[in-house]
Amino acid sequence: MHIHEQIILFIQSSGPTTPTKVSKTIKTTSLIASAHLSDLASQKKIKISKLKLGGSPLYFLPGQEDQLYNFAPGNINPKDLIVLNKLKEVKVLRENDQELLTKVALRHLQDFAIPLQVRLQDRAELFWKWHLLSTADANN
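Numbering (this note's numbering), first residue to last: 943 to 1082.
The set of hints was computed from the structure by calculation and includes no laboratory data. A hint or two may mislead.
Stated by the list, open to error - Below, in silico cross-link-like pairs of lysine-lysine (BS3-like), each with a Cα-Cα straight-line distance of 30 Å or less:
hint, residue 1, residue 2
1, Lys989, Lys1028
2, Lys989, Lys969
3, Lys989, Lys963
4, Lys994, Lys969
5, Lys986, Lys969
6, Lys994, Lys966
7, Lys1045, Lys1033
Given the structure is predicted, the values throughout are model-derived calculations rather than measurements.
With the sequences and hints as input, model every part of the structure.
Now the structure itself:
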């Protein structure tokens, strides 16, 4: 079995992961594991999160986005976590209705907050939607 197949099977069974965990699975160094993960990401077989565990991003398969939230507590700024939980609960936030701190946090939460440009009458407004919310539901 090719190393890339081993890595994909590992991520399928364990969920989002780091190069360190992959290196233990394929019995190599973290540097080599990172190279394999980067290669898989460039082939669009896996995705790379903006969320970091220590200094390392999480690598995950398409369809595992819902598992990223489990890594947020303890790995992002506590103030950003408050905004993240608010977005998760409310699902859509209007930029103009938010405080400055919330606006900044939404821009840091790239794995979870998806910007939407919405035309209201004669002007465009920015909204932020929860990453798992469909565009059709967000439009409602």
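Run the distance test for lysine 986 versus lysine 969: straight-line Cα separation, threshold 30 Å. holds, 24 Å
30 Å Cα cutoff - pair lysine 1045, lysine 1033: The given pair, whose Cα atoms are some 15 Å apart, holds under the 30 Å limit.
Agreement of lysine 989 and lysine 969 with the hint, judged by alpha carbon distance not exceeding 30 Å: Cα-Cα ~22 Å, so holds.
Within a Cα-Cα threshold of 30 Å, do lysine 994 and lysine 966 meet the stated pairing? The given pair, whose Cα atoms are some 19 Å apart, holds under the 30 Å limit.
Restraint check for lysine 989 with lysine 963, where alpha carbons must lie at most 30 Å apart: holds, 16 Å
When you check the alpha-carbon spacing of lysine 989 and lysine 1028, does it fall within 30 Å? holds, 25 Å
Holds or violated: lysine 994 with lysine 969, Cα cutoff 30 Å? holds, 23 Å
Hint violations for this structure: none, all hints satisfied.
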